[in-house]
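K.L.:
Work the whole structure out from these sequences, hints included.
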Amino acid sequence: MKNRFDDRMARMRAKKLAQTEDKRQVEGLLDEDDYGRIVPPKGLWKTIPNSPDGSFYGYEAWTDNFCSLMDIHPVYVDPDDAFTGRWMYFMSKMRKNKWNPEYPYTHLEENIKKYDIICGIGDDAHFAPDYSMGVSLGWGGLIEKIEKWKKINTGSGQTEFYNLHLRAISSIQGWINRHIEKSKELAQKETDPERKENLLEQARVNEKILFGAPTTLREACQWIIWYHLASRTYNRDGAGGQIDSLLQPFYENDLKNGIIDHDTAVYYLACFLINDPIYWQLGGPDKNGKDQTSEISYIILEAADKINTSLNITIRVHDGMDENLLRTAVGYLVKNKNGWPRFSGDQALVEGFMKNGYSSGLARERIAVGCNWMSLPGLEYTMNDLVKVNMAKVFEVALYENRNNGNISSGAIWDSFTKHLKIATHTAAEGIRHHLKYQKYNEPELLLNLLSHGPMEKGLDASDGGAEYYNLAIDGAGLAIVADSFAAMERHIEENREISWEQLFKALEANFSGDEYEHVRRILRKTDRFGKENSCGEKWALKVRDSFNDAVRSESDSEKGHCFMPGFFSWANTVAFGKAVGATPDGRYAYTPISHGANPSPGFVSDGASLSLAKAVAKIQPGYGNTAPMQWELDPTFAMEGNADIIAAIIKSHFKLGGTLINVNIMDKEKVLEAHKDPNKYPDLVVRVTGFTAYFSMLSPEFRQLVVDRILES
Amino acid sequence: MKGTITTIQRMSIHDGPGIRSTIFMKGCNLRCRWCHNPETWSMARQIQHIESKCIHCFACSVSCPEGAISVRDMKIHIDRKNCSDCGICERNCPSGAISVVGKEITAGEAFAEMEEDRIFYETSGGGITISGGEPFMQAGFVIELLKLCKENGLHTAVETNLSFPWQTIAKALPYADLWMCDLKCHDSGNHRLWTGSGNEIIKENISRLLESGANVLVRTPVIPGVNDNPEEIRKICTFLKGLGGNPGYELLPFHNLGFGKFCNLGMENLMDRSASLDTVRFESLKAILKEYDF
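Taken in order, these protein sequences are the chains called R and B. Take the first sequence: its letter number 610 is residue 659 in my numbering, and every next letter is one higher. Take the second sequence: its letter number 111 is residue 113 in my numbering, and every next letter is one higher.
Check the hints yourself; a few may be wrong.
Simulated pairs of lysine-lysine, DSSO-like, Cα-Cα distance not exceeding 30 Å [to be verified]: (1) R:Lys705 x B:Lys152; (2) B:Lys105 x R:Lys668; (3) R:Lys231 x R:Lys245; (4) B:Lys173 x R:Lys668; (5) B:Lys292 x R:Lys384; (6) R:Lys91 x R:Lys64; (7) R:Lys575 x R:Lys628; (8) R:Lys200 x R:Lys64; (9) B:Lys205 x B:Lys152; (10) B:Lys55 x R:Lys575; (11) B:Lys4 x B:Lys83; (12) B:Lys243 x B:Lys173; (13) R:Lys718 x B:Lys55; (14) B:Lys288 x R:Lys384; (15) R:Lys65 x R:Lys726; (16) R:Lys555 x B:Lys55; (17) B:Lys55 x R:Lys588; (18) R:Lys51 x R:Lys588; (19) R:Lys91 x R:Lys231; (20) R:Lys575 x B:Lys105; (21) R:Lys147 x R:Lys91; (22) B:Lys4 x R:Lys575; (23) R:Lys163 x R:Lys720; (24) R:Lys64 x R:Lys628; (25) B:Lys173 x R:Lys588; (26) R:Lys72 x R:Lys91; (27) R:Lys720 x B:Lys55; (28) B:Lys149 x B:Lys173; (29) R:Lys720 x R:Lys65; (30) B:Lys263 x R:Lys726; (31) B:Lys77 x R:Lys575; (32) B:Lys149 x R:Lys718; (33) R:Lys592 x R:Lys668; (34) B:Lys288 x R:Lys575; (35) B:Lys149 x R:Lys705.
Here are a few chain R residues that face chain B, going by a calculated C-beta distance under 8 Å [unchecked claim]: (36) Ile309; (37) Ala698; (38) Ser702.
The hints are simulated quantities; they were obtained by calculation from the structure and are not laboratory data. Backbone N, C-alpha and C define an ideal beta-carbon position, used for all residues, glycine too.
P.N.:
Below you can see the structure in the form of structure tokens.
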């Protein structure tokens with residue numbers, strides 16, 4: 050659809066590509082989200098350590114660092130852009146260490162290493178702010194709120210707690226103020242009347258929201274941008290919210306006041322989305338079950354289509370949804386083939402979360418705002434996507450524990466596996482408890498506290514009892530490797546007696562090299578694997594799921610208010626996890642990547658793979674409100690506009706069967722192979738690596754290879 | 003009742019509306035030269051060997067109880083006269099290069115397998131399709147399966163050459179929601195030349211189906227040198243428009259993707275291997291259909 054701002058949006062998209070290339074040239078490759086960040090000037094800012102190890106820890110030091118950075122942070126003003134500001138510094142990544150050595154966890158380190166656990170101690174963010182609080186209060190309102198609670202909560206250290214948050218806001222306001230000056234300065238020099246007016250409007254918008262709450266769509270978007278730029282800078286926080294219902298009142302108000310039209314709204318939202326690939330949700334039910342889709346849901350998709358960069362928009366699919374929103378979203382997915390949007394399933398997420406004892410209304414408010422994760426905006430502290438148990442490693446420990454067992458059997462190895470899985474999961478949970486106890490002395494949540502319900506009211510950090518709920522995530526990784534390994538051993542050693550246990554161990558130790566062991570590998574691979582309906586692999590996958598669920602759930606503690614929630618997700622750790630695990634009985638070679646999240650290993654069926662995948666991943670869901678995403682690789686010869694209804698049908702079916710989240714890649718094999726050889730050839734090629742999208746050219750060769758393999762094998 | 007099939011193909015999206023499962027019946031009464039499913043000609047089980055998958059371990063040769071698999075020049079050779087289609091070689095092949103095409107299945111088993119994907123049919127407006135080969139070569143099985151599916155709320159479609167007595171076709175009428183049938187050539191002599199049978203009965207059955215109120219989609223596979231000319235397509239269009247009942251009509255482009263199967267099955271392929279259909283030509287033929295309001 051033509052838009053009178055098309056030229057501006059095209060120039061912004063070109064600038065975005067140049068900025069991505071600049072990052073690649075200056076900073077090298079990054080196997081992560083694009084984040085919308087741009088390269089900072091060299092040597093402008095350094096961290097201020099407060100520890101002999103050169104790092105900085107605790108409230109005061111984090112506030113000092115953040116404020117000193119805000120005080121000098123470069124401004125970003127583009128006459129084409131409706132909004133000002135970009136973030137540049139990974140403050141949390143710039144410190145020397147991420148955990149305060151005064152609070153060691155040596156008692157956990159042996160098991161962390163043994164089971165290859167990502168323990169999450171010292172990790173940050175990964176829960177959602179309540180942006181509605183932000184846009185209703187504005188910075189001035191937040192200051193008033195803090196001042197109010199400062200007078201009420203006067204316990205030890207609490208005055209300082211509030212003062213530090215006030216300092217943070219003040220430094221953000223200083224940053225905004227410098228943008229106001231810059232916009233005005235550029236406006237004076239600008240000769241093009243439209244660009245001049247835009248620069249002056251940038252300044253007017255920022256002057257309005259420097260203290261006051263936003264009242265227009267443009268102001269609301271700019272306010273949200275300032276908050277997330279600050280929060281990104283502080284600790285990479287990228288959680289979004291229910292963006293359509295958040296912005297709809299502002300849009301309607303603008304319409305009523307006659308100050309906006311369709312083209313302008315699309316332009317604002319394109320500028321908003323290009324600023325940062327924050328995780329936003331569209332559609333879905335409100336707490337009463339009423340669909341939240343509105344005109345602005347479609348405008349947001351149209352704006353996303355205009356810029357078509359790395360985006361993380363999720364469409365919430367539910368029974369009462371506006372079917373046209375799903376159809377429109379799938380239309381953009383197949384048109385652009387850039388991995389957006391993705392889709393989350395309301396039914397299983399709500400039913401699962403309610404199993405933790407929460408109401409349906411609350412469950413519906415737990416929305417898709419992170420890589421693989423859901424969160425209640427402003428209400429919970431979660432450690433989502435931060436704590437992972439490498440189940441393939443746990444399996445390896447169990448397998449070799451039985452190496453010299455005269456009565457070795459798949460049953461004996463299973464008993465070992467469940468024993469070690471419980472120990473590994475307990476270690477992960479202990480790590481979370483250690484984190485919760487000391488994180489405030491390490492890295493307080495200075496920015497996310499501001500838009501959470503509780504930290505200001507209680508005078509406590511979100512990690513330290515300030516949040517309303519503590520729904521703590523532990524994810525299992527390598528499900529298919531474990532399930533298929535058990536299935537292969539049971540089928541080929543015990544049932545068919547095609548190979549012996551000794552042959553298996555020798556083949557694994559030789560990494561299947563040589564004709565004899567390659568033959569063993571071929572036999573092992575000829576197993577009905579997880580992903581095929583009613584297969585031996587599926588049987589074992591369900592056993593692993595149940596065992597993992599039990600282990601995680603048993604860590605919950607109602608007295609402490611800790612609810613532990615299982616999920617299956619490996620994020621971008623499939624490569625690193627694989628490097629810790631030797632050859633496995635499913636035929637996987639040593640130190641190669643483990644299976645992706647809850648997905649079966651590629652090649653699990655020869656026919657109808659999309660349907661089997663949709664069923665298998667739905668069946669394996671942990672079922673307590675956290676996700677086990679379906680990573681869906683689609684061939685572009687199928688993923689065409691003419692098949693959009695078929696794709697939508699598979700999405701709906703997966704969610705009806707119990708699925709929680711679908712990430713889709715539609716990639717031309719030839720194009721990917723060419724881009725793998727020469728990343729410069731396709732600088733705008735975006736892939737959905739896992740829950741996040743990334744520019745293919747920004748990925749390391751190893752990670753590009755992983756994406757290539759996945760696509761070629763799908 | 004049991005039937006012999008090659009496979010049940012899931013997620014078919016070209017065999018009727020929505021997402022479908024298509025069951026391919028073995029056995030066909032026509033011998034279309036361009037056939038891309040030669041494994042469905044015979045009702046019997048057949049051994050198939052795919053050289054590109056073979057890792058040359060020769061486990062098949064070692065395990066064959068009939069001594070029907072020999073090794074020459076590091077390649078396996080199947081003596082099909084002595085092969086008993088027992089399938090032992092398939093079980094011993096670690097790479098999936100050798101397999102038996104054809105399995106017996108009851109209508110109940112086929113229904114149960116296809117019913118597994120019911121949710122996808124429901125969300126997409128799809129269902130099941132019986133194809134082949136020629137389904138009505140195994141009419142008893144096909145009618146039982148159609149009935150089972152229909153009674154259990156699945157949308158049903160049949161892909162048939164209609165080269166059967168009307169009495170056989172009519173038995174399936176209550177249970178088939180969609181009839182997809184080929185009219186490959188307008189002229190019966192031409193039809194006989196390329197398929198081995200004339201088309202009088204086919205035309206008659208199309209007419210009768212339409213008179214019965216059936217939902218009919220007629221298709222013509224456009225084959226280079228056979229029927230890829232405007233006159234042929236116009237004749238078929240005119241014939242169809244002369245019938246009542248408003249049938250659908252579409253053209254299917256020729257492809258040679260199934261030609262490798264002849265070699266894998268040890269069968270002779272009489273079609274010109276170099277034949278190809280020009281896209282522009284195909285599109286121009288498709289445009290003719292619009293003239294006739296198809």
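K.L.:
Are the hints correct? Go through all of them and say.
P.N.:
Here's how the hints hold up against the structure:
no.	hint	in the structure
1	R:Lys705 x B:Lys152	23 Å, holds
2	B:Lys105 x R:Lys668	29 Å, holds
3	R:Lys231 x R:Lys245	12 Å, holds
4	B:Lys173 x R:Lys668	40 Å, violated
5	B:Lys292 x R:Lys384	27 Å, holds
6	R:Lys91 x R:Lys64	20 Å, holds
7	R:Lys575 x R:Lys628	24 Å, holds
8	R:Lys200 x R:Lys64	47 Å, violated
9	B:Lys205 x B:Lys152	26 Å, holds
10	B:Lys55 x R:Lys575	14 Å, holds
11	B:Lys4 x B:Lys83	26 Å, holds
12	B:Lys243 x B:Lys173	26 Å, holds
13	R:Lys718 x B:Lys55	21 Å, holds
14	B:Lys288 x R:Lys384	25 Å, holds
15	R:Lys65 x R:Lys726	23 Å, holds
16	R:Lys555 x B:Lys55	26 Å, holds
17	B:Lys55 x R:Lys588	29 Å, holds
18	R:Lys51 x R:Lys588	53 Å, violated
19	R:Lys91 x R:Lys231	21 Å, holds
20	R:Lys575 x B:Lys105	20 Å, holds
21	R:Lys147 x R:Lys91	23 Å, holds
22	B:Lys4 x R:Lys575	28 Å, holds
23	R:Lys163 x R:Lys720	40 Å, violated
24	R:Lys64 x R:Lys628	37 Å, violated
25	B:Lys173 x R:Lys588	42 Å, violated
26	R:Lys72 x R:Lys91	13 Å, holds
27	R:Lys720 x B:Lys55	26 Å, holds
28	B:Lys149 x B:Lys173	10 Å, holds
29	R:Lys720 x R:Lys65	21 Å, holds
30	B:Lys263 x R:Lys726	34 Å, violated
31	B:Lys77 x R:Lys575	22 Å, holds
32	B:Lys149 x R:Lys718	42 Å, violated
33	R:Lys592 x R:Lys668	12 Å, holds
34	B:Lys288 x R:Lys575	45 Å, violated
35	B:Lys149 x R:Lys705	27 Å, holds
36	Ile309	37 Å, violated
37	Ala698	3 Å, holds
38	Ser702	5 Å, holds
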